[in-house]
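Novice: If you want the building blocks of each chain, they are given just below.
4 protein chains.
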Amino acid sequence: MSANFGRQFRLSIFGESHGGGIGMVIDGIPAGFPIDEDAIAYHMARRAPGNDPTATARKEPDRVKIVSGILDGHATGAPLCGIIENTNTRSGDYAQLRSRIRPGHADYAGFVKYNGYNDPRGGGHFSGRITAPLVFAGSIARQILQKQGITVGAHIAAIGPLCDSRFDPVNLTADALTALHSLRFPLLNADMETPMRAHIDAARMRQDSTGGVIECAATGVRAGVGSPFFDSLESVTAHLLFSVPAVKGVEFGDGFAISQLHSSESNDPMRVADGHVICTSNHNGGITGGITNGMPVILRAAIKPTPSISRTQQSVNIETMENTDLAITGRHDPCIVPRAVVVIESALALALCELLMDDAATHFI
Amino acid sequence: MSANFGRQFRLSIFGESHGGGIGMVIDGIPAGFPIDEDAIAYHMARRAPGNDPTATARKEPDRVKIVSGILDGHATGAPLCGIIENTNTRSGDYAQLRSRIRPGHADYAGFVKYNGYNDPRGGGHFSGRITAPLVFAGSIARQILQKQGITVGAHIAAIGPLCDSRFDPVNLTADALTALHSLRFPLLNADMETPMRAHIDAARMRQDSTGGVIECAATGVRAGVGSPFFDSLESVTAHLLFSVPAVKGVEFGDGFAISQLHSSESNDPMRVADGHVICTSNHNGGITGGITNGMPVILRAAIKPTPSISRTQQSVNIETMENTDLAITGRHDPCIVPRAVVVIESALALALCELLMDDAATHFI
Amino acid sequence: MSANFGRQFRLSIFGESHGGGIGMVIDGIPAGFPIDEDAIAYHMARRAPGNDPTATARKEPDRVKIVSGILDGHATGAPLCGIIENTNTRSGDYAQLRSRIRPGHADYAGFVKYNGYNDPRGGGHFSGRITAPLVFAGSIARQILQKQGITVGAHIAAIGPLCDSRFDPVNLTADALTALHSLRFPLLNADMETPMRAHIDAARMRQDSTGGVIECAATGVRAGVGSPFFDSLESVTAHLLFSVPAVKGVEFGDGFAISQLHSSESNDPMRVADGHVICTSNHNGGITGGITNGMPVILRAAIKPTPSISRTQQSVNIETMENTDLAITGRHDPCIVPRAVVVIESALALALCELLMDDAATHFI
Amino acid sequence: MSANFGRQFRLSIFGESHGGGIGMVIDGIPAGFPIDEDAIAYHMARRAPGNDPTATARKEPDRVKIVSGILDGHATGAPLCGIIENTNTRSGDYAQLRSRIRPGHADYAGFVKYNGYNDPRGGGHFSGRITAPLVFAGSIARQILQKQGITVGAHIAAIGPLCDSRFDPVNLTADALTALHSLRFPLLNADMETPMRAHIDAARMRQDSTGGVIECAATGVRAGVGSPFFDSLESVTAHLLFSVPAVKGVEFGDGFAISQLHSSESNDPMRVADGHVICTSNHNGGITGGITNGMPVILRAAIKPTPSISRTQQSVNIETMENTDLAITGRHDPCIVPRAVVVIESALALALCELLMDDAATHFI
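Chains as they are written, first to last, in our numbering: chain A, 1 to 365; chain B, 366 to 730; chain C, 731 to 1095; chain D, 1096 to 1460.
Think of the hints as simulated: they come from the structure by calculation, not from any bench.
Cβ coordinates follow ideal geometry from the N, Cα and C atoms, glycine included.
Relax, there's no trap hidden among the hints.
To give a feel for the contact side, a few chain A residues facing chain D, derived at Cβ under 10 Å: (1) R7; (2) F9; (3) G28; (4) P30; (5) A31; (6) S227; (7) P228; (8) L356; (9) D358; (10) D359; (11) A360; (12) F364.
Could you build the full structure based on these sequences and the hints that come with them?
Specialist: Okay, here's the thing in structure tokens:
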């Protein structure tokens, strides 16, 4: 029951979809660090639902009100608290929501966990809306990383069975990652946009939804970030990624595919180039022994189809303990993958920032 | 740089492959809990290298000497420390090991991280041998889970491209899981053992190694274990799984495959049966919103091929910063997947134990 | 740089005296727990400055706006965020505040720590105002403790050299503690109020301030709460107490005076009474080995004189690095001891709640 | 129930007085840091019981066997585990020990906490012997601090009612602190040794014991170490100090005495001297707002009389729940204050090291 993460860059998130608001407290931002609020807003907007037909019709400006921790554009060193007030909510009578169990959602698990006291309105604390604070925090982490020459970016690797190209794991550039930020439907192979959107539209027309895969990378990460075992970059990043609702799989480098290789193929050969050690391939996604090796960090996250669909589904009434047929009404994304891209980036940015700071703690002498 | 994990069931691991020994400290075992040391030894033996031709020739009894925390067979409530002394080590002159960078290993990343001071003998703290303490701790977690009616088990889901059957995600039983424990090469479909072993043998003959996938499950887990966001069962389990050297991918339920479904397929329909809420399918692997829903918990972990191979590989000398050809000698597993099965089980057992205890902390009133 | 405390009852505090607001996030409140907001407001009012002549003239209603975590009067199980907006602030031009170093304050230490970027207005994050969130969180902890039959209360043990009576460490009752809550100047010996107030008034007339001691106790605490070493009740409580600005000393039971005794005096004799084990004296303040023994828990905290005084003091200008004479203007308490009583109580309540929950985590089987 | 402390310099301690051994795991030592094992042994010997008549007759060499984390005299960056094997133990039949409750000890509190399963031999995990790992860890922290120009030292401030002089809080030097290390009965005023030893002897002759106070200081600490609230240097240090068995009071600077001053007396005036900011007095013990201000850090800890005495005491039999008279036999210190001096120093060293590393984590950019 922990809304806290991080030993160095410490994040607390809070909020419920239709309550007073959502937000976060971040402790550990270096004092004096210039916070670019416009850049934060830029990334927040990438997550926000909008006019894109793949997204829910609910419009949330997601304006973050800074309560503390920033003065004259710089971090004060004290905890930063930011709040996004909930507006445009239509709660209605929610007493009946408690007993209505939506398949694929947290409704049943949450009902049992919280003895029926969890806020059922709009999914409450389980809402995907709570990823907005992750993006906010990730955007600050991103700015800190930028000073270290690190860039994080991601693209839609798949929508349902339709796949985009993969990142070039060896020659990936910061510019290529940055270019993806401005795309509402970020792809490496632009030709896939039409069939992918058609796949999503077809799902919506059938009152259904679809999932996908996001590929995310970071360039400019020096070797030596992360630790063996519980602070491996993979562990910390996966911890954050699996905190994102709907993520059901995470892989680094070749991931599941590496299990089909032989070591003679998957061991990335090492060479000296321009006085630096490089690998001529990157099956390990820039991480060996839990620690970065200087190659681009690459991961993929599998996103399940949004469980909220209008189709009638088999469910139960948890009060009467009887079977029931359930049709969910309301505003839902037929595919959250495009909006989730910046969330996945934020998780990687947070993990890198955490472990860079962790590394600094032991290098003070 | 953290060798600590857990807020409730707190584990510290330590040790280097060819140093004085390896071990762990566990804090949080309920006082008076009967510790079955034979059962621990049973699971430790499953990980230990032995006569099985898939494993390294190095024979380690992995006998754990209990230093504290157990008296007359019961946990005292004080921290349990156990040590496995390193024996049968052949270190030789290791000064030159520091500069010898093995591709696919942590050697280069570790050299940079630790400024060349990490113990290079046998991989030091990066050695797969450090998973023995994980199995020890996991075996105690398993005993605690057993009292709650929870059973954890796993099988080899794939060796290279050769796949075993999958667990029946709905009707999986504790007996089926327990039966797997006693198999040195645990499979659901025994017919796959011969071709899989042949695949491993072929790799060894070519001085190569191969990877695979492990599928792991827990039965008897009540609904309500885990939390949204940073204490999701997926987050905590994946954190531990990615701490295991060689794991490059983790997925729950249908995992990456769920991203290709529509929600109408992946939403597990819910029904009332015998007064309980059940799902008639289990695409979500027993977890929604980060919390268990009462169905079997199911995950898969991708294991990369052991990077230690005798073939000549392209590498660098980190002292002279020159390219070099490297041939690794010594005793190596051509496939660690069979030995890793119990390690993966241990990670899931530790995560479940942690989150069950976490749940108990808020139910005291 | 941590604004987080607690493993079970997890508190994050934030805010700066003259920024957007102050507040806290609490994670770990049992779902369904009824939150009595009036009772919280009651204790918040005890800390708030008011008409009492010992307090600053600044009037702050300290109304907490609940952002999340409470629905229909019950904890939802999700993190509770509450905000107190800052009003009635007179910031003026604060650029010059940065260079003005107030002796006895955090100004210089904070300037160095935060490279001059900390919010200097009203002390920023160092303000005593940030104890309001501690009282809020402590008030919820208090409600949880109440269900366990535990009562926390405190009195002014000394103002300057003038001492109140001490708690009867053996026969202290919950009623005696509760009775103290309603007193604006809580004393055991009411006769001391007049001389103590005179002492404070005299200090104010001299543009000076005075310190004091607060004695705090908890009754109804069963034996077995706390742990040896780092989770000793004394460690956890003292950690919180020394987080309160102005606390410079903490002692449990006889505290410093016990060091002058012989063991034959300080060892509390044990007897069986009505089937329970009791002590016939309580020199140890209800704690042995870091764990409660069933006797009243008793501690004292030393509060230094408020450093903000109008008298001219010797100081430095940190920009010009020159000596300067400083006269602080503004609204200041000549003695914060009366207002700090509820803050000290809150720290003890938080520590007891944390360790009760910690104990529950290991008693689930 | 936590044997873990620290976010940066992470310490796990374990062990029971008469079990297999005691020890610690330290994670976070900078890789490559040269570990001076002789210097560690020097400080360990200061704590060890010896021929000094104030100490127990039990002779423990306290030789620490390094299991991991050091290679060729340098920290490897992996967790350091060290074990002190228990020898010279006389356990005998300990079943009866469980029911024998020693007044002033943790026996009763521990029995309840651990349901009677705690190791009762020699106090088990409650033994003062478990402070040896604290001294070990503190000795490494001390070496790290030394590189920053920081020296920690302490003296006996009081034995019973007999007081030594106090540190000069303004002009204290590193040499003065270092000189104390070599004294078996460290005092500033050597004339007090005879009466103090006489006081201890008198207690022993009466089969009794006596307490005292230890004053501890650190010089060379730059301004800016520590944080407001939960990472205040006072909070972190007091947390560790109250983990030390027998500590019942902790104060910084003038501590309890500051509560009797006016602010015009206790506010340390600030001046510029040689281009640095200094205070001309040090009532605050070098800490304001939880952060060091560059003046010597000064604290005192009150030590209660050792509860183990041979005199007959009133107690209970916890099995039969009857009153009983108890006479404790065995080897006991009539006064542990001299041996505790290095333990108190170790706690301060650990806290300073933790917060210096914490500070470094946010200064990486």
